[in-house]
Amino acid sequence: MTRQKFRLPVGGLIDRLQPIEFRFDGKRFEGYEGDTLASALLANGVRLVGRSFKYHRPRGIFTSGSEEPNALVELREGARREPNTRATVTELFEGLSACSQNRWPSLRFDWRAVNGLISALLPAGFYYKTFMWPASFWEKVYEPQIRRAAGLGRASSRADPDHYEASWHHCDLLVIGAGPAGLMAARAAARSGARVLIADEQARFGGTLLDEHVVIDGVTGVEWARACIEELKTSDNVTLLPRTTVFGHYDHNVLGAVERVNDHLAEPPPGQPRQRLWHIIARQVVLASGAMERGLSFTNNDRPGVMLASAVRSYVNRYAVAPGESAIVFANNDSGVRTVRDLKSVGLTVRALVDVRSGVDSAVRAELEDTGTQVFDNSVVLRAHGTTQLRGARIAPRGGGQGVDLDCDLLCLSGGHDPRIHLTSHTGVKPVFDNTLGCFLAGDLGESVSVVGGASGRFDMVTALRTGHDAGHEAALRCGFALAIEQPIPEVTGESAESASEALWQIAGATEKAFVDLQNDVTVDDLALAVREGFDSVELMKRYTTLGMATDQGKTSNVTGLAILGEQTQRAMADVGTTTFRPPYTPVAIGAFAGDSRGRHFQPVRYSPLHEWAVDLGAEFLEVGLWYRSRYFPKAGEDMAVASEREVLATRRSVGVCDVSTLGKIDIQGPDAGAFLNLLYSNGFKTLQVGKARYGLMLREDGILYDDGTASRLTADRYLMTTTTHNAAGVLAHMEFYHQCVWPGLDVQFCSVTEQWAGLAVAGPQSRELLSRVLPQISLDNDAFPYMAAGEFTFQGMALRLFRISFSGELGYEINVPAGYARAFADHLMEVGEAFGITPYGSEALDVMRIEKGHVTAKELNGQTTPHDLGLGRMVSQKKDYIGRFLSGRPGMIDANRQRIVGLVPERAGARLFAGAHLVGPGKSAIAKNDEGFVTSVTYSPALGHWIGLALVNGGEERIGEKMRAIEGLRGMEADVELVSPLFLDPEGVRLRD
Amino acid sequence: MRIPCPNCGERGLEEFSYRGDATVTRPTSIEPSSESAWLDYVYLRDNPYGPHWEFWHHISGCRAWFRLKRDTVTHKVLAVALAAGVDGEDHRS
Ligand SMILES: [Zn+2]
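Quick note, the sequences are listed as chains X and L, same order. With positions in the first sequence counted from 1, the corresponding number in this note's numbering is that position plus 315. With positions in the second sequence counted from 1, the corresponding number in this note's numbering is that position plus 49.
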């Protein structure tokens, strides 16, 4: 194992007593508790960690935070392998295993780096230009090649073994970010009694206090933070969420956050989730998310060893790691000097400070030069030297000139700072460019969100503490904590006043690749090319060059890209525009969103009260919406077709029983119940007698069929409605809308009783005989209980509802019993029915029988058909108003040439029909122009001994007797058919009425 | 989003369903002369930029339909009233 050669001997917030072993690309290394993967790699001198997306250029670690564009690795192995994981935010754990991405055969020697050599052929818009023609080449040649060559890590193809959960949280104040400003805000609000939630994406609270040397109230920043966190932890009204990224800000202060509960371990402890998704509802939000440093664009600015200055300070101060031995610092602001000092304080060599600005303070210059650091002011770095490792840099005056080459293995950049205001634009508030500060600030966020500290564009510690405090205090007041008291602002020592930075977006004289977007390999030249080719609006340029469209969403590149676009087109930043940040702030695992809703728990399951009954009878089930319906009841050796045919024949010969509990049932009561039904159904219900059921059609207001079912009048003021299984919930909402919004004057109440009552259909010529034995106290002869009779009875002390209705076309009844008694009643029915050879039948047999009867279902009520189309025109009343009344009468809705229902039989005996087949005239070819309709339902008819079908065809019944071709292109099937009446069996309905 | 149900108070958006424009009124006439009123009622909707009355249904709650005045630009909720009204009045303004 390699020793930690680049670990500084003292300092840092790592625990040197707790070494951790890990692997990178198969090689074993050691780090310490408190490291990230990035800091541990640097401690071991590993600076080359990946290859870039497009050109396969060698890349190192660029940042120390979640905005990292380069250091993406595949973390873990097997089912837990996760691609594109940022090494900079991956906490080191024992046994961690990571691999570099997008390199072949090895990281150091990557064959596809040839992309870089031929990069002149791969400019912006390259895909658009090159692969437009010929089209077939795109699929067969270009796309597979590009997919192989370009790209990031590989996702595991195995099921995710981990669990995710969701949590909801309401609070007075949500503080996003636990740096100095966030801690102050949380503390001020907490002290006033407000319920505070404070979240930070890092494992440890403190933010920049952990990275920088600063003294607050006489103690180090780390110590001050520790005390502040301790106070928050001991306050009952404060919840602390470390390792939690607030990734989205939605309307009305609803926020989404993901807590990485156990990502810092090899795998979650048993029974614990890997991550937790938080839905946070906050009255006030304080955004204390800090700022990100900007890079600078010069030739080869992507070489491993080129890093952001703030990241370098973080590695040195927080992790006690030397990211290099000999550094050059290149900055346009005072963080350059700070970086030089921090590096020197741990004994590292700093060859030069290159400051874009002129007139470096003479005392500073003397201080640096006395300790061996050359100071170049009014100067720039023109290019970096080296390939897989930085070897030096060329420094030149801004005016021009050859410049000098200096050796170095670390180049620290600071091109200014960008406030992390991403969350503020999620609700549509556009950021505004501030010319004085040279960065985008949040737009007007109203009274429920405040932005403090670095996120507000002020980067000094004193302001962070003060604005944090003020926002926390103000938030508490706004939440009604009137006793909120202002707290003293801690005193900061050792922080010198900063002089202004000077924007520098691109460096003149860059001759080769000067990157703006490191993750998507977008260069300054690409942006210039986009402008030359006319893609000079932000949105077009983004899409043409792919700037900011990688997994980092351009965190380190968007602003620079905009500025360069502005310079190229001579527009001020405010005129160039801005890009809109969208959730999530950083990538969130799909698993976190899915939570428990996966596999068996993807959605709820609804079981009929007769489910166990059907299971015991050996039923196979079919998912219908959330329901499991018994589909058929196979005996040994039977498949679905054979079983269903047996069930149909048994029912038509003797008696069958079917679970119809899933039909929607709505109990409707009140003096105006009949009037209400009259408005809901297209046919009349007001005149329905007590003790009678009626089949009804519901239309939409536009005249299209919506649902069908029966309603039975149980008493003068009470009806029981049934709906189709899949529209049960919709019909209830539809009724509530009309009752509450359109006809609130109607005195009627209703509620769903679908779950409360089980339903059994008992059908077949022997059904009356059977029920007479089961329910001997009820007179079932044709006069006492005729077709469409309905009644409420008592059976052994249990309520029972009986309806003489039939979907199968046979003499039939439907029985409703309370759900809890369903099993007992069904068992009793089966016992008595044994003498009749009672046969349970499923939804498949029911479907066969209804097609034989020409009854329609959702296949025909398909959202395009009218009652007229389905031969139900007689059920459309002309005498009353009802939903859909007016528009169903439009000429186009009753046109005889509409696609209307017919029956189909194959011309050749034994030929099969297929649902979905299209109908064309005899001898016509199967092209759209000849299409005259389509087949909606088909079945083999046991009663008729051949296949039959229902179809919607132009002109409908007027064409009965014609021959057509039914063509099913997907399966390549075809049959010659004859159009017939859709009533295949017992067209007069004798069986129903006898 | 948070939606204030007149019965239940402020609840999460996921408990509600939405039915759009609440300023339209179903015509009462079924005479042929009312055709344009019907077509307007069923098909024509404004797409206002700013305050808008719309129907919401507390479908996973108390099942009340209500009218809610929402700014379509800011999503600010400006007013809310039960659709059926508590006193038979139409609360749209
Ligand atoms: Zn409610």
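Just so you know, these hints were derived from the structure itself, not from any lab. Be aware that one or more of the hints could be misleading.
[Stated by the list, open to error] Pairs of lysine-lysine residues, derived as DSS-like cross-links and limited to a Cα-Cα distance of at most 27 Å, are as follows:
1. Lys548/X <-> Lys118/L
2. Lys745/X <-> Lys125/L
3. Lys745/X <-> Lys320/X
4. Lys1195/X <-> Lys1239/X
5. Lys1007/X <-> Lys1194/X
6. Lys1195/X <-> Lys1001/X
[What the hints assert, rightly or not] The following label-pair restraints were derived from C-beta to C-beta distances:
7. Leu127/L <-> Ser482/X: 51 to 61 Å
8. Ser482/X <-> Glu59/L: 17 to 27 Å
9. Glu84/L <-> Ser1094/X: 14 to 24 Å
10. Cys111/L <-> Asp911/X: 25 to 35 Å
11. Arg1223/X <-> Tyr67/L: 49 to 59 Å
12. Glu59/L <-> Ile804/X: 56 to 66 Å
13. Leu127/L <-> Asp676/X: 41 to 51 Å
14. Gly1284/X <-> Glu64/L: 36 to 46 Å
Think of the CB as a built atom: it goes at the ideal place given N, C-alpha and C, for glycine as much as any other residue.
Checked hints:
no. : hint                              : in the structure
1   : Lys548/X <-> Lys118/L             : 42 Å, violated
2   : Lys745/X <-> Lys125/L             : 17 Å, holds
3   : Lys745/X <-> Lys320/X             : 47 Å, violated
4   : Lys1195/X <-> Lys1239/X           : 45 Å, violated
5   : Lys1007/X <-> Lys1194/X           : 21 Å, holds
6   : Lys1195/X <-> Lys1001/X           : 11 Å, holds
7   : Leu127/L <-> Ser482/X: 51 to 61 Å : 31 Å, violated
8   : Ser482/X <-> Glu59/L: 17 to 27 Å  : 19 Å, holds
9   : Glu84/L <-> Ser1094/X: 14 to 24 Å : 52 Å, violated
10  : Cys111/L <-> Asp911/X: 25 to 35 Å : 26 Å, holds
11  : Arg1223/X <-> Tyr67/L: 49 to 59 Å : 52 Å, holds
12  : Glu59/L <-> Ile804/X: 56 to 66 Å  : 35 Å, violated
13  : Leu127/L <-> Asp676/X: 41 to 51 Å : 56 Å, violated
14  : Gly1284/X <-> Glu64/L: 36 to 46 Å : 44 Å, holds
Violated hints, in rising order: 1, 3, 4, 7, 9, 12 and 13; the structure is consistent with all others.
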